[in-house]
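Student: Protein chains in written order, with the working numbering: chain A, 1 to 314; chain B, 315 to 562.
Incorrect hints may appear among the rest.
[Stated by the list, open to error] Capping the alpha-carbon separation at 25 Å, the derived lysine-lysine pairs in DSS-like fashion look like this:
hint, chain 1, residue 1, chain 2, residue 2
1, B, K557, A, K153
2, B, K366, A, K194
3, A, K219, A, K174
4, B, K557, A, K299
5, B, K364, B, K511
6, A, K39, A, K181
7, A, K280, B, K364
8, A, K299, A, K211
9, B, K346, B, K330
10, B, K466, A, K174
11, A, K105, B, K346
12, A, K153, B, K539
13, B, K539, A, K314
14, A, K273, B, K346
15, B, K533, A, K27
16, A, K299, A, K314
17, A, K181, A, K153
18, A, K211, A, K184
Just so you know, these hints were derived from the structure itself, not from any lab.
Since we're looking at a predicted model, the values are computed, not measured.
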Amino acid sequence: MAVLVIADHDNATLKDSTEKTVTAALKLSGDVDILVAGKGAKGVADAAAKITGVRKVLLAESDELGEGLAESLEALVVPLMNGYDAVLTPATSQGKNFSPRIAAKLDVAQISEIVDVVDASTFIRPIYAGNALETVQSSDAKKVITVRPTAFKAAADGGSAKVETIAPPAAPAKTHFVDQKLVKLERPELSGAKIVVSGGRAMGSAEEFQKVIEPLADKLGAAVGASRAAVDAGYAPNDYQVGQTGKVVAPELYIAIGISGAIQHLAGMKDSKVIVAINKDADAPIFQVADFGLVADYKAAVPDLMAALTAAGK
Amino acid sequence: MKVLVPVKRVIDYNVKARVKSDESGIDLANVKMSMNPFCEIAVEEAVRQKEKGVVTEVVAVSIGPAQAGETLRTALAVGADRAILVQTSEDLEPLAIAKVLKAIIALENPDVVIMGKQAIDGDNNATGQMLAALLDWPQATFASALELAPGKATVTREVDGGLQTLAVDLPAIVTADLRLNEPRYASLPNIMKAKKKELVIKELAELGVDTAPRLKVLKVAEPPKRGGGIKVETATDLVANLKTAGVL
Ligand SMILES: Cc1cc2nc3c(=O)[nH]c(=O)nc-3n(C[C@H](O)[C@H](O)[C@H](O)COP(=O)(O)OP(=O)(O)OC[C@H]3O[C@@H](n4cnc5c(N)ncnc54)[C@H](O)[C@@H]3O)c2cc1C
Ligand SMILES: Nc1ncnc2c1ncn2[C@@H]1O[C@H](COP(=O)(O)O)[C@@H](O)[C@H]1O
Chain A
1 MAVLVIADHD
11 NATLKDSTEK
21 TVTAALKLSG
31 DVDILVAGKG
41 AKGVADAAAK
51 ITGVRKVLLA
61 ESDELGEGLA
71 ESLEALVVPL
81 MNGYDAVLTP
91 ATSQGKNFSP
101 RIAAKLDVAQ
111 ISEIVDVVDA
121 STFIRPIYAG
131 NALETVQSSD
141 AKKVITVRPT
151 AFKAAADGGS
161 AKVETIAPPA
171 APAKTHFVDQ
181 KLVKLERPEL
191 SGAKIVVSGG
201 RAMGSAEEFQ
211 KVIEPLADKL
221 GAAVGASRAA
231 VDAGYAPNDY
241 QVGQTGKVVA
251 PELYIAIGIS
261 GAIQHLAGMK
271 DSKVIVAINK
281 DADAPIFQVA
291 DFGLVADYKA
301 AVPDLMAALT
311 AAGK
Chain B
315 MKVLVPVKRV
325 IDYNVKARVK
335 SDESGIDLAN
345 VKMSMNPFCE
355 IAVEEAVRQK
365 EKGVVTEVVA
375 VSIGPAQAGE
385 TLRTALAVGA
395 DRAILVQTSE
405 DLEPLAIAKV
415 LKAIIALENP
425 DVVIMGKQAI
435 DGDNNATGQM
445 LAALLDWPQA
455 TFASALELAP
465 GKATVTREVD
475 GGLQTLAVDL
485 PAIVTADLRL
495 NEPRYASLPN
505 IMKAKKKELV
515 IKELAELGVD
525 TAPRLKVLKV
535 AEPPKRGGGI
545 KVETATDLVA
555 NLKTAGVL
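In isolation and in its complexed conformation, chain A is listed as follows:
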């Protein structure tokens, strides 16, 4: 059985969700190739070629692949699937965008956001905001799977696979890229960060969010996250949302400040190793999953925490 992994990248760097997806792929088969679809992404392909256990790397480049258009990815991947029994894609918003198109074109189910591989046709995936884990067995000849990266360890570097350039598909006729506004990150990326500091509705304004959450994150070398309420209110960019329908994170340390702990938020962070909650309401549901809870007004607690970290040599 041969497995294709579609790399997650931004044309410049390979994201570690790719290495994690390779780990999942290697549980299906030893014959794993990586597809890098993008524009000016040779460096990404070279990085992918270094992942241990990878047979070869396919590189396809065009403007539309660089823009991540789902129609282009479908047109590229569907014919390639003649040579593969499964295709695995990291469950990022990009992967979630195009992967189901591939499944539909192959007339197979998509197995969404798997967190474990039981065998080559049986997988475990969360449903109902992570309140249940479903074990499903696929009867389809080819498997189309998205992978929750936080559930798998990154495959190590040390390989030296060949990079093979393949032809890109024709540009889609009916979809046109207009523009893209990406947030410049000066901090670690949310999905892969070791520590995440998240703020909620309690912040009350974007200024307060920046004044309270960001310095603490910087002191800890952490990524910044937010609840939906904080994002909806414009305190933080949409890309910061942690939860059922935002990003799923599983850092070593997750610090939730002024977040109540709604089911949908917990779905995105409850697999973190250590959870800290700071909330003035002792009954807030977030305390049910917190390893360490501090019942306090964040306005006093966060400055105290900054001072305590300084005192501890941080």
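The hints should help you fit chain B with the ligands onto chain A, whose structure is shown.
Tutor: What follows is chain B with the ligands alone, placed relative to chain A:
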């Protein structure tokens, strides 16, 4: 311009799902059910586009048991013009739903389909993209802004790292993200009026679509529980505990 809005009846988003003790599925007996929140956003968007005068007709469609008719009544109460229920007692997978929707689209010929990005029960986030592929239509998923013009939709999408804007030729599939709009509540007079709007029921078998499941659910289990935590009194205590836990 005609809009089709597929809506799904799911467990209410405020209810915590409970696993059945025999691990065969989720216990939905006596559980509050509602319209999937992302579908509410999709309906709201279609209705707003109609209020702006861009859209002339909003048709809601649901595939599910007879009770999904209530979900369609909700869509009618917030402004959909008419509704179609494709009745089935089976729980269909996204690929099957997409095929059924394709059959409905062949009958209705909408200019645009606005649907939810994800149903909060199965958390698949797949049906819209599958439908677009089956129809060979362009797609604009995870929409946070939508502008409709004759023959064209301009859609701002929530993507990794920020926002992307696409222009797609119609007909197209748009899937709604949380920030597309804030759905309204149905007023009592509108709930009453909705009872008189057209709701057509079709049996799934009438459509002649292959809806055979591709996945067999072997088990539905509870996720591992987190060990109980402790309350700390001060920030200094907290830091000491985090050091002991080895995460600082
Ligand atoms: C379809 C759907 C999808 C969703 N997806 C997500 C998702 O992906 N991610 C997500 O986060 N949410 C999601 N939600 C929303 C979720 O249900 C909650 O509404 C949201 O998480 C609440 O955000 P919050 O905790 O910041 O706000 P609130 O629930 O308002 O909580 C604010 C908390 O701050 C505390 N507080 C207030 N002032 C202070 C202070 N001075 N000091 C300390 N504490 C203080 C309060 O006690 C309270 O607990 C979704 C909802 C739906 C319907
Ligand atoms: N049974 C259904 N009836 C109508 N629409 C559905 C149904 N299931 C899914 N959908 C649509 O597909 C979207 C995404 O669902 P899913 O792919 O299951 O996460 C939903 O928000 C609905 O708009």
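Student: Taking 25 Å as the top limit, are the C-alpha atoms of K273 of chain A and K346 of chain B close enough?
Tutor: Violated - the C-alpha atoms of K346 of chain B and K273 of chain A are around 33 Å apart, more than 25 Å.
Student: Assess, step by step, whether the Cα of K557 of chain B is no farther than 25 Å from the Cα of K153 of chain A, and give holds or violated.
Tutor: Status holds; Cα separation ~24 Å.
Student: Take a quick look at whether K105 of chain A and K346 of chain B sit within 25 Å of each other, Cα to Cα.
Tutor: 36 Å, violated
Student: Is it true that the CA of K299 of chain A sits at most 25 Å from the CA of K314 of chain A?
Tutor: 20 Å, holds
Student: If you draw a straight line from the CA of K466 of chain B to the CA of K174 of chain A, is it 25 Å or shorter?
Tutor: 9 Å, holds
Student: With the threshold set at 25 Å, check whether the alpha-carbon distance from K366 of chain B to K194 of chain A stays at or below it.
Tutor: It is violated: about 47 Å lies between the C-alpha atoms, which goes past 25 Å.
Student: Just to be careful, I want the Cα atoms of K557 of chain B and K299 of chain A compared with a cutoff of 25 Å; is the pair within it?
Tutor: Measuring from Cα to Cα gives roughly 23 Å; hence the hint holds.
Student: Run the distance test for K280 of chain A versus K364 of chain B: straight-line Cα separation, threshold 25 Å.
Tutor: 44 Å, violated
Student: Has the given pair, K39 of chain A with K181 of chain A, been kept, meaning a C-alpha gap of at most 25 Å?
Tutor: With a Cα-Cα distance of about 18 Å, the restraint between K39 of chain A and K181 of chain A holds, given a limit of 25 Å.
Student: Would the hint linking K181 of chain A and K153 of chain A be met if the CA-CA limit is 25 Å?
Tutor: Given that 25 Å is the threshold and the Cα spacing comes to 31 Å, the pair is violated.
Student: K533 of chain B and K27 of chain A were given as a pair; does the straight-line alpha-carbon distance stay at or below 25 Å?
Tutor: Judged against 25 Å, a Cα distance of about 20 Å means the pair holds.
Student: Please verify whether K364 of chain B and K511 of chain B have alpha carbons no more than 25 Å apart.
Tutor: 17 Å, holds
Hint check: violations occur at hints 2, 3, 7, 11, 13, 14 and 17; the rest are consistent with the structure.
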